[in-house]
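Chains as they are written, first to last, in UniProt numbering: chain A, 1 to 291; chain B, 1 to 175.
These are computed hints drawn from the structure, not numbers from a lab.
Hints may be right or wrong, so weigh each one.
To be verified - Derived EDC-like pairs: lysine to aspartate or glutamate, alpha-carbon spacing no greater than 20 Å straight-line:
#1 A/K84 / B/E141
#2 A/K84 / B/D85
#3 A/K209 / A/D232
#4 A/K209 / A/D193
#5 A/K84 / B/D140
#6 A/K42 / B/D58
#7 B/K109 / B/E168
#8 B/K169 / B/D140
#9 B/K161 / B/E110
#10 A/K209 / A/E285
#11 A/K84 / B/E132
#12 B/K161 / B/D140
#13 A/K12 / B/D85
#14 B/K169 / B/E141
Just so we're clear, the structure is a prediction, and the values are computed from it rather than from any experiment.
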Amino acid sequence: MYPPRFNYESPKSLAEAISLLTAGGGEAKVLAGGQSLVPMLKLRFASPEMLVDINNIPGLNYVRRDADGSIHIGALCRHEDLEKSEVIAEHQPTIAAAAPLVADPIVRTRGTFVGSVCHADPQGDWSATMIALDGHIVAQGPNGKRNIPARDFVTGPFQNALAFDEIAIEAVIPAPKGDVHGGYLKLERRVGDFATAAVAVALETSGGKVIRAGIALTGVGGRTINANVAADSLVGSALTIESITRAGELAAAAAEPRSDHRGSASYKRHIVSTFLTRILNNISESTVKAA
Amino acid sequence: MSSLYEEISAPPAAGVPVRRVTLNVNGQDRTVDVEPRLLLAHLLRQGLKLTGTHTGCDTSNCGACTVLFDGRPIKSCTMFAVQADGHEVQTVEGLATQSSLHPLQEGFKEEHGLQCGFCTPGMMMAAKALLESNPNPTEDEIRWAISGNLCRCTGYQNIVKAILWAAEKMRGSSN
Chain A
1 MYPPRFNYES
11 PKSLAEAISL
21 LTAGGGEAKV
31 LAGGQSLVPM
41 LKLRFASPEM
51 LVDINNIPGL
61 NYVRRDADGS
71 IHIGALCRHE
81 DLEKSEVIAE
91 HQPTIAAAAP
101 LVADPIVRTR
111 GTFVGSVCHA
121 DPQGDWSATM
131 IALDGHIVAQ
141 GPNGKRNIPA
151 RDFVTGPFQN
161 ALAFDEIAIE
171 AVIPAPKGDV
181 HGGYLKLERR
191 VGDFATAAVA
201 VALETSGGKV
211 IRAGIALTGV
221 GGRTINANVA
231 ADSLVGSALT
241 IESITRAGEL
251 AAAAAEPRSD
261 HRGSASYKRH
271 IVSTFLTRIL
281 NNISESTVKA
291 A
Chain B
1 MSSLYEEISA
11 PPAAGVPVRR
21 VTLNVNGQDR
31 TVDVEPRLLL
41 AHLLRQGLKL
51 TGTHTGCDTS
61 NCGACTVLFD
71 GRPIKSCTMF
81 AVQADGHEVQ
91 TVEGLATQSS
101 LHPLQEGFKE
111 EHGLQCGFCT
121 PGMMMAAKAL
131 LESNPNPTED
141 EIRWAISGNL
151 CRCTGYQNIV
161 KAILWAAEKM
171 RGSSN
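If we strip away everything but chain B, and leave its shape as in the complex, we get (with noise of 0.2 Å):
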């Protein structure tokens, strides 16, 4: 268990009690103490030290710290971590096993979907709630689940072949 109300600079308010809470991420429950204000994406990545979300614009423009908040895509700078409580979140690291890549992680590779990779984790977790949903989605499908998270590198060709290549692989794979 960690506490993360240290990591807000100074202790919290008289009054302002710490919560404990316990979410399941990536398939395995975490108990953490935290203050109400401590951001989900703060959690993630200063708490339970899972790096893959990236903050980027801090207000839910960018859609790089998107995860899965119980199987829905979620911007996890607009929500607090207590509100987790119970919850189960995905993130960019529950996508490989210890053996392979997930489909859209190889389908980034081969498609070269990303150049700097900020908004690689968030485009991820938002195609994968697309593909559970829709699993042969057109190009326009793509385009407009995507719509919420923002590349300045590649223009977003590259990203929309990558989940059209992930797509038909997962197609594949569950005939």
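Just chain A, same shape as in the assembly (with noise of 0.2 Å):
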């Protein structure tokens, strides 16, 4: 299978990288690690005049935490750099648990975090947790940066809120008030197809109490479904069987799932409901552990 034709450049800095998707009129479309957009042109699902290739930009693979406490994501960090991180695997545990169960290893190791956010697949694993962890995607464009919430980000099946001529430059979670839990627990038929549904989980405790919770599911609707509802049910008290029970109910009732062949819609509203339980089961043994 062939792509259709299209004009490649590969800039050597962002500036470049701007002026060209602004000259593009948007018929130009960026390149990261293109482990989606490639399958999609060839499947000639797009068709855009020019690829504008940002691998050669310097200064956008990396993943850091501030002194503040928020992490940093560039543009060019891979799904393995992540999967592979210290400061993630120490400091940000949904990002940890998705980070193998994305794709297959040897897509994990050319395919970007903010490129996947980006494309907004429904299907896809890291607008969910960028949704439970309430981060933003920094996208500069002709006229300098700005932040978009991860929340208002996706604005449905592969559309994102980027004008044609902006770059998702960097993803941010933001510095955390108190302790920090969080899972991310998938079902998918094999190693590399899309979720049959997925949960991600990130919560904040101070005092054995929960102060900030976020819930988001993946490929259980048209879009990643924030589960804000069952998300602020958890916040203000400890996490309970009765709670955990409760946000299981409220997170399978937000879930828009439909019948297809990785199941029916009934199935996945359980799985999502199991899997936000047992995310929070482990939360709540392994702070009554720690404390």
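Two chains, each in its own frame: build the complex with the hints.
See below:
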């Protein structure tokens, strides 16, 4: 399979890349890891006139934790970089749990975190983690930078809030105000398949009580679902069997699954509540042990 | 130098420049003219006649086209040849020397790690990347590392044994 023809540019700076996008007038597309874009080009689901390859722009391949505790993931940070990152392993359990579950090990060496969020696949893993963590995307365009909250970033299936002349240069996970807990569980028929259903959880606790909660669902709707009602139900008290069960029910109610070859809608709802209660039980047990 | 845009049916459209790129393949610098949409797998197979790299699914599922790109395993059907400009690519042809097989090739022979052989080059390149970062992998780690490479013959059992065999031999020779 050959992709349609396109012009190829490999700028050496962000400014150059942005001016290429501006000149492209909406017909140019950014190429980062390419693990979603290249197959889409080959299947002719996309036919941009120009690809702006950002792989040769220095300074975009990083994951770092700032002094305030916020975590910053550059546009060229590959999935595997996160899987192997000590910063992530030590400080960010939601990302750490999801990293080994993205696609397959070979795709993970090339695909990027930020690119995956931009791709806005309803079955993509990273959008769910970003929404659960209340992160934001830093977009840079001709008029400078702006922050776009993850919950507003995905506007529909394969659609994001970037303007045609903007590049998502960084994903930011804000500094936590309490102790950080989290998890990510995904059901897939085999490695590399799209998620049948997946659940991302990010909690902060203080003095045994939940002070912030984020829950997002993958693969059970036309876009990543922000299960904020379920998350809000946990805030203000300690995790108990009752509160965990209640959150599981609320998350299952927030899901909008369709029956397909991966399972029936009711099965997927069941997976959502099972995964959420499993993650919350693990967190509850680990916080009890730590206390 | 070989021109590769003629591999695609029509000459490049007006305004689509053919790119001259230089990449290092198995230790040798190769300079080629490519149209930007040419995939790395097709450059290797059709342009450089290195047909050991296989194209199976063409949709980045099967891993038959796995090569090492600057030492990291990638699916060469999911990267453009122009992107390899200035980079190092290792293919299965780079494993053996004139006089001896690579321990992975020996392992696949000794442990019967293949039947039809279609997935084998990709399996070996994925395994090579694993053994370079982890010389003493467990069976579980091997299964995890090749989980992006599909085999429809073996049930994976003998592939895992072959990689364990190679790992042991490579540890032995480095002592």
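The hints, checked one at a time:
1. Restraint check for A/K84 and B/E141: the C-alpha separation of about 14 Å stays at or below 20 Å, so the hint holds.
2. Annotation: proposed proximity of A/K84 to B/D85 is violated, straight-line Cα distance about 27 Å (limit 20 Å).
3. Pair hint A/K209 plus A/D232 holds up; C-alpha atoms about 13 Å apart against a cutoff of 20 Å.
4. About 37 Å separates the Cα atoms of A/K209 and A/D193, which puts this hinted pair outside 20 Å; it is violated.
5. Pair hint A/K84 plus B/D140 holds up; C-alpha atoms about 17 Å apart against a cutoff of 20 Å.
6. Straight-line distance between C-alpha atoms of A/K42 and B/D58 comes to about 8 Å, which keeps the hinted pair within the 20 Å bound.
7. For the hint linking B/K109 to B/E168, the alpha-carbon distance of about 15 Å falls within 20 Å, and the restraint holds.
8. Between the alpha carbons of B/K169 and B/D140 the distance comes to roughly 19 Å, so the proposed pair stays at or under 20 Å and holds.
9. A C-alpha spacing of about 9 Å is found between B/K161 and B/E110, which places the hinted pair at or below 20 Å, so the restraint holds.
10. Of the pairs offered as hints, the one joining A/K209 and A/E285 holds, with about 14 Å between alpha carbons and a cut-off of 20 Å not exceeded.
11. A hinted pair counts as satisfied when its Cα atoms are at most 20 Å apart, and A/K84 with B/E132 qualifies at roughly 15 Å.
12. Proximity of B/K161 to B/D140 is assessed by CA-CA distance (about 11 Å); at most 20 Å being required, the pair is judged to hold.
13. Under the criterion of a C-alpha separation no larger than 20 Å, the hint pairing A/K12 with B/D85 is consistent with the structure, at around 14 Å.
14. In summary, the hint linking B/K169 to B/E141 is supported, as the alpha carbons are separated by about 18 Å, within the 20 Å threshold.
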